[in-house]
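Engineer: Both chains come to you apart, so use the hints to assemble them.
If you're matching them up, the sequences are chains A and B in order.
If you're matching positions, the first sequence starts at 1 in our numbering and goes up one per residue.
If you're matching positions, the second sequence starts at 515 in our numbering and goes up one per residue.
Be careful, since some hints might not be right.
[Unchecked claim] Calculated lysine to any residue pairs in the SDA-like style (CA-CA distance at most 25 Å, straight line): (1) Lys222(A) <-> Tyr384(A); (2) Lys587(B) <-> Val199(A); (3) Lys609(B) <-> Ile200(A); (4) Lys587(B) <-> Gly374(A); (5) Lys587(B) <-> Ile208(A); (6) Lys613(B) <-> Lys119(A); (7) Lys589(B) <-> Val218(A); (8) Lys589(B) <-> Ile194(A); (9) Lys540(B) <-> Lys119(A); (10) Lys188(A) <-> Glu23(A); (11) Lys464(A) <-> Pro280(A); (12) Lys452(A) <-> Lys589(B); (13) Lys234(A) <-> Ala31(A); (14) Lys609(B) <-> Glu206(A); (15) Lys589(B) <-> Glu52(A); (16) Lys201(A) <-> Ala612(B); (17) Lys521(B) <-> Pro274(A); (18) Lys459(A) <-> Lys587(B); (19) Lys610(B) <-> Thr202(A); (20) Lys222(A) <-> Ala178(A); (21) Lys565(B) <-> Glu584(B); (22) Lys34(A) <-> Val203(A); (23) Lys464(A) <-> Gly475(A); (24) Lys241(A) <-> Glu52(A); (25) Lys540(B) <-> Gly374(A); (26) Lys587(B) <-> Gly157(A); (27) Lys589(B) <-> Gly157(A); (28) Lys609(B) <-> Val199(A); (29) Lys201(A) <-> Lys565(B); (30) Lys119(A) <-> Gly157(A); (31) Lys121(A) <-> Gly475(A); (32) Lys222(A) <-> Gly196(A); (33) Lys613(B) <-> Leu204(A); (34) Lys587(B) <-> Pro274(A).
[Unchecked claim] Simulated DEER-style distance windows between Cβ atoms: (35) Ala479(A) <-> His532(B): 42 to 52 Å; (36) Lys452(A) <-> Pro546(B): 28 to 38 Å; (37) Lys508(A) <-> Pro527(B): 41 to 51 Å; (38) Lys508(A) <-> Pro546(B): 37 to 47 Å; (39) Thr562(B) <-> Thr390(A): 34 to 44 Å; (40) Met586(B) <-> Arg8(A): 53 to 63 Å.
Don't read these hints as lab results, they were simulated from the structure.
Heads up, the beta-carbon is just placed ideally off N, CA and C, and yes, glycines get one too.
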Amino acid sequence: MSLKRKTRELVERREQILRGGGEKAILKQQALGKMTARERIIALLDEDSFQEYDLFARHEGRDFDMDKKNLPGDGVITGTGKIYGSPICIFAQDFTVAGGSLGSMHARKITKIMDHALKMKVPLIGINDSGGARVQEGVNSLAGYGEIFYRNTLASGIIPQLSVILGPCAGGAVYSPALTDFVFVVDKISKMFITGPEVIKTVLGEEISMEELGGARVHCEKTGNAHFYAESEKECFEQIKTLISFIPWNNKQKARVLRPRNPKNAFKIDNIVPSDPKQPYDVRHVIRALVDGSDFFEVQELFAPNIVIGYGRMNGQTVGFIANQPLVLAGVLDVDSSDKAARFIRFCDAFNIPIITLVDLPGYLPGVDQEHAGVIRHGAKVLYAYSEATVPKITVILRKAYGGGYIAMNSRHLNADFVFAWPMAEIAVMGPEGAANIIFRKEISESDDPEKMRRQKIKEYKAKFANPYVAASRGYVDAVIEPGETRHFLLHALEVSETKNVPLPDRKHGSIPL
Amino acid sequence: MEDNKEKKLVDFPFEGAHYWTQLTTKFADRTPWKPDNPNIILAVIPGTIVKIMVKIGQKVNKGRCLYVLEAMKMKNRILATKSGEVKIIHGIEGKKVAKNELIMELKNLEPKKITKNFQRSKNTQPNNNTV
Chain A
1 MSLKRKTREL VERREQILRG GGEKAILKQQ ALGKMTARER IIALLDEDSF
51 QEYDLFARHE GRDFDMDKKN LPGDGVITGT GKIYGSPICI FAQDFTVAGG
101 SLGSMHARKI TKIMDHALKM KVPLIGINDS GGARVQEGVN SLAGYGEIFY
151 RNTLASGIIP QLSVILGPCA GGAVYSPALT DFVFVVDKIS KMFITGPEVI
201 KTVLGEEISM EELGGARVHC EKTGNAHFYA ESEKECFEQI KTLISFIPWN
251 NKQKARVLRP RNPKNAFKID NIVPSDPKQP YDVRHVIRAL VDGSDFFEVQ
301 ELFAPNIVIG YGRMNGQTVG FIANQPLVLA GVLDVDSSDK AARFIRFCDA
351 FNIPIITLVD LPGYLPGVDQ EHAGVIRHGA KVLYAYSEAT VPKITVILRK
401 AYGGGYIAMN SRHLNADFVF AWPMAEIAVM GPEGAANIIF RKEISESDDP
451 EKMRRQKIKE YKAKFANPYV AASRGYVDAV IEPGETRHFL LHALEVSETK
501 NVPLPDRKHG SIPL
Chain B
515 MEDNKEKKLV DFPFEGAHYW TQLTTKFADR TPWKPDNPNI ILAVIPGTIV
565 KIMVKIGQKV NKGRCLYVLE AMKMKNRILA TKSGEVKIIH GIEGKKVAKN
615 ELIMELKNLE PKKITKNFQR SKNTQPNNNT V
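Next up, chain B with everything else stripped away, as it sits in the complex (with noise of 0.2 Å):
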């Protein structure tokens, strides 16, 4: 079962260096990093989505609750993370979502806004409050 013969040699690069030598599937399949966007909304966790909570153009604080995604048999309040404004929902209630599938879109509020605009959230906590 020596699996490993079957498999190519590859140029890897390493600290300037340049090693003959296999690659594991895993390392091969590994996903590249992005950085976090956090004005796209994806689904936390796969589930349905009971209720969106705001409205395409409305303006949206900081802890806000944004729509509740029922999963693992709980009523999930999924809150904002920064404030900003609605741009897109693509999330439709009662539907089945799965896990990192883009609910909605937020923009940047005008710097002028925020300030006007800002109040202080009752409910800080992150994500997984239950309704």
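Pulled out of the complex, with its shape left as it was, chain A reads as follows (with noise of 0.2 Å):
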């Protein structure tokens, strides 16, 4: 055979194979409003930037007939890629190939991808739409799952991984995005559950729609799995690129360093805050006001959205953001915004990313159904993730920081670099009206006209410890600054901390509250 021969079978075979599932498998596809694999990595990816690999891969299916099957790229398709410039690695799983079903090699495509990955050090990102394990491998199946989690973990705190459900993803196979750094979901598309509807109907009698049980708004409202809520595919790949452009590539170098942009004009810092500590405002406003060009990326903005997390970049760096939100419910810690920054800090942290804490919190959240949900071992791991993290860590108190809340956001004992309050900050172990309820009870109660001794009293602790002059005293705060020089000092701050170097404890891993 000559070589044009021979070219032009590797042409036809190639041909052959990105039809991927055929024709009426693709509409099939489209009908659910969905892109299919090679679409979605197209319309992800740069242009013109993505290279194949395994193209030819052949399922190893022996059983049931399986050997009479073709499926091409065994249902999955694998390759590199740039975002942004950025080189990545990245799956995505093919529904129109036998459903996307995992069998052995199409989890050896997956686990091959994510070895290069890290070799490479660079990000993964993997598209999951899978019907599930392929039944008909039976425990090869199985294996190839157990395979790709175990890497999964091997490369959480080395190379980003960012997991996009376009599809289903049920039963084991949800555990890998679990594993992975941030879960992008799509509205009426993204489904992730354990056991599906159909299974809890039979042995639990409990009837549920697939939206309602693991839809994209459920994963990020209520559990918290998912960090990224779109309300189509094309909206999502802009999250995508967009959180690709703030992180680094690995965990040995620092995101892209962008131009220097002043925050925008809108963003006034003195007039966001009131400031009688009751009232409420949305703390993004303050970010907005402190970041290059006003550019927050929120992180998991749905879930318990009593606390903030996202990025910004000062001085075209990347920095992490945690701020506590009085718009909702005070701003209070709870079992779920502890998880949420909890798991955000060690990102941060790992991936050399800055944090700047911004903290406004009358405390944790009482009731029985905290308690009972464990809110102790839940907050216990923001004080282990601040406590741990070796980024550099600055702090702005920008008005009450009560109580055990105070200690927990990044404060000066969890070791912060930098700890600034604002004038209006009431650093003590509660507010004013609680204080003067416990400290002058009896005064109180003694008193001829209880509830004006009661006011008189809480003014008078007001005027003693709600502001930051007694922890600046203590040198538990570093400076006291106006909210206009906020920014100056912040870029300063990480400035000079550039270069902050905090050798590990010897030891394999802490043990953190899980």
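Structural biologist: The structure is reproduced here in structure tokens:
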């Protein structure tokens, strides 16, 4: 055979596989409002940057007549590409081929690209759209899942791992996304659960739709399993690209530095925060008033909105923000917000992203449900995550910082590098009302006019403790600053922390309260 | 998608102070805590009542099997967590029950009778022993 004929054969073979599961299956995919796996990769990556590998992989099923079936690419597309010029490894399950079911070759293609990502130290993006294990391949299919989970764990904290759920992702399959750093979901398309509505109905008699059980909204609002919610696949890809622009390729590098910009004039820091600690405001406006171009990229916006986490840039450099949100539940810490903050802190710490914490909270959410849900154990995660983090850690106390909440929010005592406080900051064991009720209980109850006495004592306590100067006098606060000076102080603090180098303790790993 | 803006500000009491803030759906929907009543026997898991092992008026000791609930492919012997007398049986053999569905009610024994009828149960393991 001549080279020409050989080349033609290659082209033909390729074309056949690139058709995926065939026209009928593709039409079915489109009818569900979904792109095909290959379309998704092309839409996500920089133009012409995708290179596919293992196109000719063949599945290994021999039982149940599987040997007679041809499954192009074995239902998964793997390769390398670029996003804004940054190299990434990617795999996308192809639902048009045997429902994207995972057999042993399918899994081997995924583990191969994962190994590559880990060797080359580049981010890994996995697009999940699969009916689950390929039942015909039996335990080999389970082995495949296990090998993926193992690599997800090995890669954790070395390369960023992103999971995109663009279809069903059920049963054991959900644990790969769960082990990765960020999970992206799309309304009406993403479905994640361990046991589906069918099983729940037969075993437990409870009826629920897939959407209500494990749809995008559920995982963004209730479970916290997902980090980014989008209305469409296109919007989802934009979120992925934005995230990739904020995070480094691996744990030995820093995120790409962009040209510094000033915050937009629309966000005037002096006008955002009311001085009465009981009045709400949106802390995201404070972040926007501080970061370059007022460009704040929020993570887990819908889950536990009483704490805000996300990325912004200061002097062009990526910074992770954690801020109590007085607009929601007065900004209290609770089970969910603790989990949310702790995980974010650890990601930032693993990937050399400095952390800025904005504090304005009255404490921990009281309630039987919170106590019984283990707020002690969950709250401990925040203390652990802040204490163990060795990236630059800077805190600004905006208004109230009471009790355990003050300690938890990256206080000096957890080894913050810089702690600043605004003049209206109140750093105390509790709010003046609660404190006065305890300290002056006797005076109040024995007074002829208890209500008047109470108000007077609250006033006394306020004058004495509801300020940043007691903490500043002990060195717990490094500087009391005007709101308008905040960006200036933060930029300087980041600059002088650039060379921060803290030796890690000699241990295998700690035991974070999980 | 700034849904928060649509939510109302409410008075949120905290340690004697009153904060103006929004509530999360999760917080607004939380169920208030109620103490357990050991005389009320609820289905611990959805399933099918296979057999009811006691009769109305029967005195039962702690650890006595009250009924068998088939759930998750297992026949679970549901044991009494306290001694008492069977007051009402709501459950019907062969019927599917939802979680927390009322199966039966017990009433406390007269203090004297407990001592008289007290027998150490051989099987004191709670709830999920299979038949």
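Engineer: Hints first: check each against the structure and report whether it holds.
Structural biologist: Hint check results:
1. Lys222(A) <-> Tyr384(A): Cα-Cα ~24 Å, so holds.
2. Lys587(B) <-> Val199(A): Since the Cα atoms of Lys587(B) and Val199(A) sit roughly 12 Å apart, the hinted pair holds (cutoff 25 Å).
3. Lys609(B) <-> Ile200(A): At roughly 17 Å apart (the allowed maximum being 25 Å), Ile200(A) and Lys609(B) satisfy the hint.
4. Lys587(B) <-> Gly374(A): violated, 31 Å
5. Lys587(B) <-> Ile208(A): holds, 21 Å
6. Lys613(B) <-> Lys119(A): violated, 49 Å
7. Lys589(B) <-> Val218(A): Given pair Lys589(B), Val218(A) is violated - Cα atoms ~33 Å apart, limit 25 Å.
8. Lys589(B) <-> Ile194(A): Roughly 23 Å separates the two Cα atoms, so the pair holds.
9. Lys540(B) <-> Lys119(A): violated, 42 Å
10. Lys188(A) <-> Glu23(A): With a Cα-Cα distance of about 23 Å, the restraint between Lys188(A) and Glu23(A) holds, given a limit of 25 Å.
11. Lys464(A) <-> Pro280(A): holds, 24 Å
12. Lys452(A) <-> Lys589(B): Violated, at about 65 Å.
13. Lys234(A) <-> Ala31(A): Holds. Lys234(A) to Ala31(A) sits at ~17 Å (cutoff 25 Å).
14. Lys609(B) <-> Glu206(A): holds, 15 Å
15. Lys589(B) <-> Glu52(A): Measuring from Cα to Cα gives roughly 52 Å; hence the hint is violated.
16. Lys201(A) <-> Ala612(B): holds, 11 Å
17. Lys521(B) <-> Pro274(A): With a Cα-Cα distance of about 19 Å, the restraint between Lys521(B) and Pro274(A) holds, given a limit of 25 Å.
18. Lys459(A) <-> Lys587(B): violated, 64 Å
19. Lys610(B) <-> Thr202(A): holds, 11 Å
20. Lys222(A) <-> Ala178(A): holds, 15 Å
21. Lys565(B) <-> Glu584(B): holds, 9 Å
22. Lys34(A) <-> Val203(A): violated, 31 Å
23. Lys464(A) <-> Gly475(A): holds, 17 Å
24. Lys241(A) <-> Glu52(A): With Cα atoms ~20 Å apart, Lys241(A) and Glu52(A) stay inside 25 Å; holds.
25. Lys540(B) <-> Gly374(A): This hinted pair holds, its Cα atoms lying about 16 Å apart.
26. Lys587(B) <-> Gly157(A): Answer violated: Lys587(B) to Gly157(A) is near 40 Å, above 25 Å.
27. Lys589(B) <-> Gly157(A): violated, 45 Å
28. Lys609(B) <-> Val199(A): holds, 19 Å
29. Lys201(A) <-> Lys565(B): holds, 22 Å
30. Lys119(A) <-> Gly157(A): holds, 14 Å
31. Lys121(A) <-> Gly475(A): violated, 41 Å
32. Lys222(A) <-> Gly196(A): holds, 17 Å
33. Lys613(B) <-> Leu204(A): Status holds; Cα separation ~8 Å.
34. Lys587(B) <-> Pro274(A): This hinted pair is violated, its Cα atoms lying about 59 Å apart.
35. Ala479(A) <-> His532(B): 42 to 52 Å: violated, 32 Å
36. Lys452(A) <-> Pro546(B): 28 to 38 Å: Cβ of Lys452(A) to Cβ of Pro546(B): about 34 Å, so the range 28 to 38 Å holds.
37. Lys508(A) <-> Pro527(B): 41 to 51 Å: holds, 46 Å
38. Lys508(A) <-> Pro546(B): 37 to 47 Å: Given range 37 to 47 Å: holds, Cβ gap about 44 Å.
39. Thr562(B) <-> Thr390(A): 34 to 44 Å: At 56 Å between Cβs, range violated.
40. Met586(B) <-> Arg8(A): 53 to 63 Å: holds, 58 Å
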